[in-house]
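Undergrad: Same order as they appear, the protein sequences are chains Z and X. Counted the way this note's numbering counts, the first sequence spans residues 1 to 131. Counted the way this note's numbering counts, the second sequence spans residues 1001 to 1564.
Since the hints were made in silico from the structure, they are not lab data. Hints are supplied without guarantee of correctness; some may be wrong.
Listed next, the in silico DSSO-like pairs over lysine-lysine satisfying Cα-Cα at most 27 Å (straight line) [what the hints assert, rightly or not]:
no., chain 1, residue 1, chain 2, residue 2
1, X, K1239, X, K1253
2, X, K1304, Z, K113
3, X, K1133, X, K1190
4, Z, K97, X, K1332
5, Z, K22, X, K1253
6, Z, K113, X, K1236
7, X, K1109, Z, K113
8, Z, K14, X, K1196
9, X, K1554, Z, K77
10, Z, K75, X, K1253
11, Z, K83, X, K1054
12, X, K1253, X, K1190
13, X, K1229, Z, K97
14, Z, K126, X, K1253
15, X, K1399, Z, K113
All values derive from a computational prediction rather than experimental measurement.
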Amino acid sequence: MRILLAEDDFVTRKFMMNFLSKYGDCDVTVDGMEAVDAFMMAMEENDPYDLVCLDIMMPVMDGYQALIGIRNIEKEKGIPQDKAVKVIMATALNEEKNVKMAFDLGCTIYSGKPINQDRFEQALKKLGLIE
Amino acid sequence: MSFELNRDDMLDTYVLETTQILEELQALVLRFQDADAFSEDAIAEIFRYMHTLKGSAGFMMFEQMHMLSHKTEDVFYYLREHKPASVPQKELIELVLKVSDFFQGELEKLSEGQDADTDAGDLIDELNTFLEKISASDEDKKNEKLTETAAESSDTRIYIAPKDTKANHYFQIYIVYARDTKMANVHAYKVVRLLKDIAVDIKYTPEDILTSEASGDEILDKGFKILLKTGCARKKLKKLVSEGYETEAIEIKEIDAARFEAGFKLFGVDAPVVAKVTKDDKEYAPGDFVVHNGAPGQGRFLAKDTEQKKDKGTHISVEVSDMDRLADLVIKLSKAQGKLIDDKEVRDAGLKLEAFDRNADKIRVITSEMQDLVTSMRMVSFTNIFLRMNRVIFEASRKLGKDIECVIEGDEVKADRGIIEHISDPLMHMVRNCADHGIEDGNERMLAGKPMRGRITLKAEESDGELRVSVSDDGAGLNREKILKKAHDKDLIPADRPDEDYTDSEVWQLITIPGFSTNSEVTEFSGRGVGMDVVVNTVETIGGKLKIESTEGKGSTMTMIFPV
Chain Z
1 MRILLAEDDF VTRKFMMNFL SKYGDCDVTV DGMEAVDAFM MAMEENDPYD LVCLDIMMPV
61 MDGYQALIGI RNIEKEKGIP QDKAVKVIMA TALNEEKNVK MAFDLGCTIY SGKPINQDRF
121 EQALKKLGLI E
Chain X
1001 MSFELNRDDM LDTYVLETTQ ILEELQALVL RFQDADAFSE DAIAEIFRYM HTLKGSAGFM
1061 MFEQMHMLSH KTEDVFYYLR EHKPASVPQK ELIELVLKVS DFFQGELEKL SEGQDADTDA
1121 GDLIDELNTF LEKISASDED KKNEKLTETA AESSDTRIYI APKDTKANHY FQIYIVYARD
1181 TKMANVHAYK VVRLLKDIAV DIKYTPEDIL TSEASGDEIL DKGFKILLKT GCARKKLKKL
1241 VSEGYETEAI EIKEIDAARF EAGFKLFGVD APVVAKVTKD DKEYAPGDFV VHNGAPGQGR
1301 FLAKDTEQKK DKGTHISVEV SDMDRLADLV IKLSKAQGKL IDDKEVRDAG LKLEAFDRNA
1361 DKIRVITSEM QDLVTSMRMV SFTNIFLRMN RVIFEASRKL GKDIECVIEG DEVKADRGII
1421 EHISDPLMHM VRNCADHGIE DGNERMLAGK PMRGRITLKA EESDGELRVS VSDDGAGLNR
1481 EKILKKAHDK DLIPADRPDE DYTDSEVWQL ITIPGFSTNS EVTEFSGRGV GMDVVVNTVE
1541 TIGGKLKIES TEGKGSTMTM IFPV
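Construct the complete structure from the given sequences, taking the supplied hints into account.
TA: So, in structure tokens, the structure goes:
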């Protein structure tokens, strides 16, 4: 599985990278803009990601903007919804508004931070990303 | 049922909504306590309740509740679709109430901050047995599929509550190091680094602990102060900061969000700890959570919380009419003084005027300086007006759903107050035009290979005796064909002149003809037909002219040019 992680905080990034690397190859970006760039690049190279994990509070572009960008790229490429990449937003923001906006914009999993690793793994299974 | 609310919003909502459903479910079930069977409506209703419970438990990843409601849903699906002849009503009611109790128990656990992980296996087995029993008595249907196993839809949405569902705590931490501690700043940094792991946000003072050795002395003198926002509870925090560091005293106090936000002004000031966290009620939009990193020790701040605060020096406000009068008086004074010094009667009297001339020169210098000063006092920098435009862009970008950044150049350039005042409206118009017509939406930009985020640049510059104020965007640029077509449609240009005959700049000028608007849709922001002609009028009234440049696909620039 190809995973893209966008996380601006070094410590969290390191933790998330270690955690996600258990499930696949994990590429790392440090802001929302870079994440969209990376996503686009992978798409162009015909090696798209299976999972994108976005922080929300990030420099340049926040996670919501990155999510919009990713969904727009997919829309433009005519990728059907069931083939669309699974996007996990992992964030310390846990107001209902935040969660609702994420799902409205097309997020697949919304995970509070600190990450509940067991749940996270369960969710990946549920989505059929891991065995 | 009563319970303490969690602080995870989603979890709160889940618990509340599920509680409501359970109450309705129980009331419904109990109405049929003594009946022989549920009515068809009741069965459909219970099926819907179970379906909802299944959906929300799945969303929240409460697997046991998810499976249990799924199984119960199966039972009621069978009841609804196959209407089996003999159903042990008492047993069924008992089962539904058991399911309801199971849910309630889980909700209570959740409310206490525990995980909802009670095994529902036994209850599911019971439901299975029940399902087999009612279907067995129903010989004809035996071979039909018992239940509808809906495929997990591909748009599954999942919410994972944070590991510690207790919401954020706010702490003020005060650390005193032993007097002989060497490089206390580095020790302080170690604590900060440690806390960063658990911090949602952290501020500390002194701030420059990494780069300034002097901060070490300050820490020894005044102690090291930290404000921490974290999901961690006090106990864990205490353990974290107290271990292994050469501290003499550590004081940890839990505070409220407001005090945290207030920064170090209120540090150590005793006040009742308010437990309620005030939430901000405005709606969020993408882009609100772009992080700007503050200076070390100041914590991070978000785009949504940014309010421009620029130090504008010490100012007093003066009535504009007084200002104008002063300028007028200075001019009069300078004229009168000239007349006085060169007065014929004095000059012709044949007097020796050495001292008089020396003093006259002094006065001339003073009045001339006064004149310069008064003129410069009427000069205003572009800072404020540009910041206001920044705000306009921000609001427009939100309303239009476009991601637009504003770049400001030359805001320190000054111009006469009159000019600045008059160009405010035209500027606003041009900026909105850019946001609305100029900048493409995200999709189009992506396709054109441009960055998602559009850019509007506001620029002021003064050179060669001209003041130029421009608004440019990196959008689609003006469309020659569209403009010409529109001009023809509106009979604004002679029909017999061929289109190729028009130079680009002639075409661009067309949009300044009264009544012209390229956008067929009238939007909130621009395009009411009172557009560019009004801009040009205003600019010309104050002695300026408007220049329009545009490159298709690259964007356009509108420049107001004033003689200085």
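Undergrad: Take the hints in turn and mark each one as holding or not.
TA: For each hint, the structure was consulted:
1. X:K1239 <-> X:K1253: Holds: K1239 of chain X and K1253 of chain X sit about 14 Å apart, inside 27 Å.
2. X:K1304 <-> Z:K113: Given that 27 Å is the threshold and the Cα spacing comes to 21 Å, the pair holds.
3. X:K1133 <-> X:K1190: violated (66 Å)
4. Z:K97 <-> X:K1332: violated (64 Å)
5. Z:K22 <-> X:K1253: With Cα atoms ~39 Å apart, K22 of chain Z and K1253 of chain X exceed 27 Å; violated.
6. Z:K113 <-> X:K1236: holds (17 Å)
7. X:K1109 <-> Z:K113: Measuring from Cα to Cα gives roughly 20 Å; hence the hint holds.
8. Z:K14 <-> X:K1196: holds (13 Å)
9. X:K1554 <-> Z:K77: At roughly 24 Å apart (the allowed maximum being 27 Å), K77 of chain Z and K1554 of chain X satisfy the hint.
10. Z:K75 <-> X:K1253: violated (51 Å)
11. Z:K83 <-> X:K1054: This hinted pair holds, its Cα atoms lying about 24 Å apart.
12. X:K1253 <-> X:K1190: holds (20 Å)
13. X:K1229 <-> Z:K97: The given pair, whose Cα atoms are some 20 Å apart, holds under the 27 Å limit.
14. Z:K126 <-> X:K1253: violated (42 Å)
15. X:K1399 <-> Z:K113: violated (30 Å)
Against the hints set out earlier in the document, violations occur for numbers 3, 4, 5, 10, 14 and 15.
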